[in-house]
Amino acid sequence: MNAPQTLNFMPSEGFRARSKAVVENPFLRKSFRGAMDFLTAKRAAQFPDVEELESLRTLGERIRQYNLAKLPELLERLEINLTRNGIKVHWAETPDEANAIILGICKAHAAKLMVKGKSMVSEEIELNHAAEAAGIGALESDMGEYIVQLAGEKPSHIIMPAIHKTKEEIARLFAEKVPGVAYTDNVDELIQIGRQVLREKFREADIGLSGVNFAIAETGTLCLVENEGNGRMSTTVPPVHIAVTGIEKIVEKLEHVPPLYSLLTRSATGQNISTYFNMISGPRKPVEKDGPTEVHLVLLDNGRTQAYADDQLRKTLQCIRCGACMNHCPVYARIGGHAYGTTYPGPIGKIVSPHMLGLEATATLPTASSLCGACGEVCPVKIPIPDLLMRLREESFSAPRANPAMRGQGAGYNATISAIWRAWAAVYRSPRLYRLATWLGSRFNGLTPSRQGGWTSVRVPLKPAPKRLRDLVKERQ
Amino acid sequence: MNARDRILAKLRAAAPATAGDQPDVAGWYVTHRSVETGAEKAARFRHFIELAHAEVYAVPRGGWLQKLYEVLSAKAIASLLVAPGTPHGLRAREGLVELGIACPGYDRPVEEWKAELFTDTPAAFTVARAAIAETGTLILWPDADEPRLMSLVPPVHIVLLDAGRIYNTFFEAQQAEGWAEGLPTNALLISGPSKTADIQQTLAYGAHGPKELVVLMIGEE
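Quick mapping for you: the protein sequence lines, in order, are chains B and W.
Going by this note's numbering, the letters in the first sequence line up with residues 127 to 603, in that order.
Going by this note's numbering, the letters in the second sequence line up with residues 15 to 235, in that order.
Some hints here could point you the wrong way.
With the C-beta cut set under 7 Å, the calculated list includes, among others, these residues of chain B facing chain W [as the list claims (entries may be wrong)]:
(1) Arg188
(2) Lys196
(3) Met269
(4) Glu294
(5) Ile317
(6) Leu380
(7) Asn398
(8) Gly417
(9) Ala435
Here are the computed lysine-lysine pairs in the PhoX-like style, where the Cα-Cα straight-line distance is at most 25 Å [to be verified]:
(10) B/Lys379 to B/Lys156
(11) B/Lys293 to W/Lys225
(12) B/Lys379 to W/Lys24
Bear in mind the hints are in silico, worked out from the structure with no lab data behind them.
Backbone N, C-alpha and C fix where the C-beta goes; we use that ideal spot for every residue, glycine too.
Please put together the full structure from these sequences, using the hints given.
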């Protein structure tokens with residue numbers, strides 16, 4: 127049995143190589159480009175009125191900031207109201223703690239099979255590996271998640287996990303991995319195959335696991351957004367339901383939900399609403415005939431309190447996980463989700479992952495951006511993603527400081543490069559030094575090295591001209 | 015200190031001094047969503063839920079049973095799961111059994127008949143508590159008489175909706191009905207049959223839930 131995979135891997139390492147591999151693969155390039163264009167167009171069609179969009183984004187931002195400002199109080203109120211409703215609340219600081227809580231509940235019920243609705247937090251904590259190591263089957267039931275799990279992969283997009291796969295690849299995968307299935311690349315048939323397999327599993331499962339889109343403090347309610355019905359299956363059919371979520375996904379009032387829900391579905395997939403909106407406020411009552419008899423909520427920190435502690439970085443926690451930033455990102459569209467090496471890819475992944483994994487593991491991720499600003503412009507809750515990317519670059523590449531705001535601050539610091547830039551800045555601040563430096567450069571340009579690090583990997587070396595502009599002007603006078 | 019106390023302590027130490035005023039959600043809806051007449055709301059509801067692939071039939075108050083029978087006949091469905099503890103469920107059973115449609119009731123805990131529910135229940139009939147015009151959405155509050163899985167497991171879900179119960183928006187529905195005062199164990203918004211676009215962005219219906227959603231919309235006479 128495999129040991130559970132812990133989260134000490136280094137997404138920064140190999141990032142360039144993984145990106146290059148995707149960029150050089152025309153099929154993957156086409157898959158991502160096509161999917162991103164499709165999602166971008168669908169979102170645009172949902173927001174024909176620019177004023178409406180802007181005012182709704184402003185309201186969404188206000189709601190998220192208001193609720194984050196009251197977060198500690200709201201978490202306590204949520205716990206009180208959930209507990210009153212019969213839902214048991216657990217708290218975890220780390221992925222290992224969250225897994226231990228979830229697997230502890232499984233063991234208490236002698237569970238063999240856990241069926242999972244879509245949950246990115248469960249990906250974040252690597253629950254499937256931990257469950258497998260504990261001898262408990264963990265089966266993904268969202269069609270996209272089911273496909274990537276069959277393929278032994280991870281989601282490449284937070285909303286559309288199998289976006290990198292063509293239907294022919296999925297057809298081959300089903301024919302190979304699902305017993306008794308012949309090759310078909312008819313999408314309806316493929317979905318029906320998944321439906322049949324998973325319906326058996328919903329009936330068998332001892333535990334249903336889900337994420338949470340919004341947790342409402344005043345009513346003690348967990349809200350789930352989905353189209354397929356697997357979330358409802360996972361939270362209704364098995365005798366025990368465990369929900370797992372980050373501590374930031376709280377709203378104080380039920381009335382905060384409609385604007386956020388509208389922003390979420392319209393931004394994510396360009397739908398005016400999802401097929402299902404499932405509001406869970408307690409386990410089955412004695413008179414009721416279905417629903418789980420036990421409901422648990424696991425609240426996970428995993429670096430979120432670090433983001434919370436800084437006024438600017440706190441904005442990261444406004445995220446409602448719609449994925450619009452990745453759909454509109456020119457970098458994501460070219461390298462896809464796997465290249466990042468983190469659970470959350472794309473622009474949101476670049477600003478949230480450093481808090482989860484530390485900058486030691488993620489230092490280069492914030493540099494994978496042209497700062498074109500598209501992510502910030504489409505964000506339904508107005509997270510200033512480009513500003514946060516700049517901030518994280520500074521945190522990564524500045525000299526290590528005492529009491530840093532972030533774990534791993536200065537991880538990308540290089541004393542030589544830093545000294546070169548400091549010298550450059552000094553030269554450009556002083557006219558005399560500038561004249562001297564350009565004079566030396568033009569007179570001794572034969573001494574410039576032919577290999578200049580990353581610059582010369584795809585370009586000719588930089589070499590000062592033999593005569594400065596200043597010299598040329600002088601000659602003409 | 016345990017994990018809970020440590021998390022809360024870190025958050026409290028960093029929380030802003032004030033959260034500011036409550037977000038003005040009501041104000042946004044007043045300025046951005048119009049209040050429509052009953053007929054307009056019914057038309058808007060119908061437009062959007064049909065876009066999401068649901069079938070909608072407008073029926074007179076006394077005529078839904080006839081339409082229900084016609085829908086079942088057209089789909090060659092010989093058995094309909096009903097909620098005999100509800101007035102509409104009882105009426106459906108009374109009216110349909112004599113026309114040759116079996117009407118089993120959801121009258122025992124799911125554990126006692128899971129296999130039958132999953133494999134031998136082609137359709138179910140429930141009521142919608144209300145609906146939302148803006149998005150073409152049904153609101154269901156399952157309860158002991160009409161349990162949650164009726165609207166999820168059978169491949170065809172037929173819903174009875176009173177057109178007089180259509181709200182303009184989700185916000186209006188929860189305000190008008192005072193949801194913040196208390197929600198049932200499970201409340202649902204349903205806006206079409208189950209679907210997915212997870213394979214190459216190709217839309218397919220009947221992913222895990224019902225493949226077909228039929229709305230019998232009772233109009234004013």
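Quiz item: Holds or violated: is there a CB of chain W closer than 7 Å to the CB of B/Met269?
Solution: holds (4 Å)
Quiz item: Does the CB of B/Arg188 sit less than 7 Å away from some CB of chain W?
Solution: holds (5 Å)
Quiz item: Hey, B/Lys379 versus B/Lys156, does the alpha-carbon distance stay inside 25 Å?
Solution: With a Cα-Cα distance of about 43 Å, the restraint between B/Lys379 and B/Lys156 is violated, given a limit of 25 Å.
Quiz prompt | Interface hint compliance - B/Lys196 to chain W, C-beta minimum distance less than 7 Å | solution = Interface hint status for B/Lys196: holds (5 Å vs cutoff 7 Å).
Practice problem: Would you settle whether the hint for B/Ala435 is holds or violated, based on the nearest Cβ-Cβ distance to chain W being less than 7 Å? | Solution: It holds, given that the least Cβ distance between B/Ala435 and chain W is near 4 Å, below 7 Å.
Exercise. With a cut-off of 25 Å on the C-alpha distance, tell me whether B/Lys293 and W/Lys225 pass.
Key: holds (21 Å)
Quiz prompt | Hinted contact B/Glu294 with chain W - closest CB pair below 7 Å | solution = Not OK, violated: B/Glu294 not within 7 Å of chain W, min 9 Å.
Self-check item: Hint check: 7 Å Cβ-Cβ cutoff, B/Ile317 to chain W
Solution: Nearest chain W Cβ about 4 Å off; hint holds.
Quiz item: Can the hint on B/Gly417 be confirmed by a CB-to-CB distance to chain W that is less than 7 Å?
Solution: Holds, about 6 Å.
Practice problem: For the pair we were handed, B/Lys379 and W/Lys24, check the Cα-Cα distance against 25 Å. | Solution: holds (23 Å)
Exercise. Identify whether the interface hint at B/Asn398 stands, where standing means a beta carbon of chain W within less than 7 Å of its own.
Key: holds (5 Å)
Exercise. Report holds or violated for the interface hint on B/Leu380, using the least CB-CB distance to chain W and a cut-off of 7 Å.
Key: This interface hint holds because 5 Å falls under the 7 Å limit.
Consistency with the previously given hints fails for numbers 4 and 10, ordered from lowest to highest.
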